[in-house]
Structures are given as C-alpha cells and as structure tokens.
Amino acid sequence: MLEAQIFVTLKRSVLDPQGETVKSGLHSLGFGGVEDCRVGKFMVLRLSETDPERAKGQVEEMCRKLLANPVIEEYRFQFREVAG
Amino acid sequence: MRVGVLVFPGTWSHQDFAHVLEDVVGVPWGFVWHKDTSVAGYDCLILPGGFAHGDYLRCGAIARFSPVMEAVVRFARDGGPVIGSCNGFQILCEAGLLPGALLRNVSLQYRCQWVHIRTENRTTPFTRTLAPGQVLRLPISHGEGRYYAVPETLGAMRERGQILFRYATADGRVTAEVNPNGSLENIAGVSNEAGNVVGLMPHPERAAEALLGSEDGLPLFLGSLGCALKR
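Taken in sequence, the protein lines are chains A and B. For the first sequence, my numbering assigns the number 1 to the initial residue and increments by one for each residue that follows. For the second sequence, my numbering assigns the number 1 to the initial residue and increments by one for each residue that follows.
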C-alpha cells in the first residue's frame with residue numbers, strides 16, 4: 001500500500017496572517033532567528049494503488065480538483081510504502 | 001417568475017432570504033436541496049450564507065461538488081441570474097463561476113458588523129437599480145472574506161467592470177480603515193464577465209426592512225428579479 005503525504009500552503013504572493021502571527025509568537029518566545037513562517041495543511045491518504053507512477057497521477061489530479069485551490073494555494077506531495 | 005434558494009447542509013441564511021422573498025418582495029420562491037439535480041422552473045438562483053458542508057477543507061470547496069452544482073453551472077452558463085452572498089460567494093468562486101477566492105480575514109477574527117459598500121459598477125442587471133457611487137449600509141458576518149485574485153485577473157476585472165462593490169466610509173470614500181477583512185482593493189462584491197453571476201460578502205437579506213435597521217439590501221433583490229424577468 002502507498003501512503004501519500006500532501007502539503008498545502010498559501011502561495012508566496014498571498015499574505016498568510018496565521019503564519020505572521022505564529023512567527024511573532026515564536027519571536028516572543030525568544031526564537032528570534034525565525035525569519036518567515038507559513039501555516040498550511042497536511043493530509044495523509046492511504047491508497048490501494050501500488051504503482052507509484054499511477055498513484056502520482058491520481059494524487060496530482062486530487063490536488064488540482066479539490067485538495068488545493070490553485071488561485072491561492074500551492075501543493076507538494078510525497079509517498080511512502082506502508083503495510084496493508 | 002420563481003426564485004430558487006439553494007440549501008446545503010450547513011447553510012443558515014436561506015430562511016432569511018425566504019422571508020424577504022415571501023413577505024417583503026412578494027415573489028414565488030422555493031428551496032432547492034443540494035442533492036437535487038435540476039433547477040428547472042426557476043428563473044433566478046440564490047446561494048445563501050452559512051457553512052455549507054461545514055466549510056471543511058476550504059469554504060465552499062465541498063459544496064462545489066454537491067449534485068445541484070452541475071445544474072447551477074449550466075443555468076449560469078445559459079445566462080441565468082445567480083447571486084451568492086457570504087458563503088454563497090465563496091461557493092461560486094470555488095465552482096469557478098466567479099474569479100478569485102476568499103481567504104481568512106487578515107485580523108484572523110470573525111467579523112460581525114455593519115459596513116458601507118460603494119457601488120462601483122451599476123451597469124450589471126443586479127446593480128442597475130442603484131445610483132452611480134451609491135453607498136449601501138449592510139451587515140457582514142464572516143471569518144473568511146478577504147477577497148484575492150492574481151494581479152492579471154484583477155486588472156482584467158477592473159477593465160471589464162466586474163468589481164461591483166468596495167468597502168467604503170458612509171460618505172463613499174474607499175479607505176484602508178474601513179476594510180473589514182483585508183480584501184484586495186477593498187473589494188466586497190464582484191461579477192462574472194457576462195454580469196449574470198454576482199457574489200458579495202455582505203448580507204442583503206438581513207437589511208431589507210427598516211425594522212431591521214436598513215433597507216439597503218432591497219435594490220439588489222429588485223435588480224436580480226428584474227434581471228430574471230428580462231430573460
């Protein structure tokens with residue numbers, strides 16, 4: 001079985017007030033070295049598909065059609081083998 | 001002449017729209033459930049506010065795939081008048097019937113307050129009962145109303161007159177201070193290229209009677225009904 005790990009974040013050009021707020025929180029805690037912070041979504045899918053190429057095509061389509069909104073968001077994903 | 005008010009699981013403004021259509025405007029109307037596959041018999045469609053499908057994933061993202069939306073898209077492509085308020089606006093953007101998207105308010109806070117919006121384009125069927133630059137006083141109630149479109153889209157919308165309303169002061173000045181959610185260029189409402197699909201964050205259905213503090217939402221109802229009648 002394949003597990004897809006999908007990361008969705010706002011595009012660089014889109015203001016992320018959540019990320020800004022978390023960044024200033026980290027600064028208040030003394031982590032002054034944090035230069036930027038973006039908050040996004042992390043989704044984990046278990047797929048019955050075992051062929052990595054076909055799985056890639058499917059997840060790409062899922063991201064395009066539903067999991068991310070291309071107007072405001074960008075996405076990336078990776079796979080790992082898991083026991084069925 | 002019959003108006004369809006769409007209801008998704010989690011929609012909450014449909015009863016307010018129904019009340020205005022029935023008791024204030026006096027036109028036939030009916031609820032359209034999100035599992036219906038046809039909007040036959042309706043001349044104008046309204047997508048009310050709320051939290052359709054819990055707004056899970058993104059506002060409007062799941063509602064867009066409700067069975068009824070295929071019929072709504074066909075109705076809109078045929079030139080049928082469609083108006084979305086608040087969550088309805090978000091659904092129309094997700095469905096690709098309107099350009100752009102609505103993001104989390106820049107304050108990260110839910111905003112429930114009265115706002116003023118200035119009429120930027122009154123040549124669309126929905127806004128033609130308004131005067132140029134007319135300021136309307138309407139309530140907003142949303143956590144995700146920050147309008148965004150990529151610069152090229154925004155430029156094209158400006159040229160084509162698709163920006164219908166901007167947040168403004170009571171005397172019609174568009175300033176950063178009165179922008180309640182961080183929308184680009186204070187945008188509160190837009191239309192598609194053809195002008196028959198309109199979305200706005202404020203709630204006209206909550207401002208259609210003097211008793212409730214404002215009647216400024218009424219012209220939008222009358223504009224959309226007139227638009228349906230003309231077809």
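Careful, some of the hints might be misleading.
Straight-line distance between alpha carbons at most 25 Å, and here's what the computed SDA-like set of lysine to any residue pairs gives [claimed, not checked]: (1) Lys35/B <-> Glu3/A; (2) Lys23/A <-> Glu144/B; (3) Lys230/B <-> Gly26/B.
Covered stretches of chain A, as calculated for chain B (at least 3 residues, CB under 8 Å) [said to hold, decoys possible]: (4) 56-64; (5) 68-81.
Computed spacing ranges between beta-carbons, pair by pair [said to hold, decoys possible]: (6) Ser24/A <-> Leu212/B: 16 to 24 Å; (7) Glu81/A <-> Gly10/B: 47 to 55 Å; (8) Glu3/A <-> Ser38/B: 18 to 26 Å.
Quick caveat, the hints were computed from the structure, so don't treat them as lab data. All residues carry an ideal CB built from backbone N, CA and C; glycine is no exception.
Hint by hint, here is what the structure shows:
| no. | hint | result |
| --- | --- | --- |
| 1 | Lys35/B <-> Glu3/A | violated (32 Å) |
| 2 | Lys23/A <-> Glu144/B | holds (21 Å) |
| 3 | Lys230/B <-> Gly26/B | holds (18 Å) |
| 4 | 56-64 | violated (count 0) |
| 5 | 68-81 | holds (count 3) |
| 6 | Ser24/A <-> Leu212/B: 16 to 24 Å | violated (39 Å) |
| 7 | Glu81/A <-> Gly10/B: 47 to 55 Å | violated (38 Å) |
| 8 | Glu3/A <-> Ser38/B: 18 to 26 Å | violated (40 Å) |
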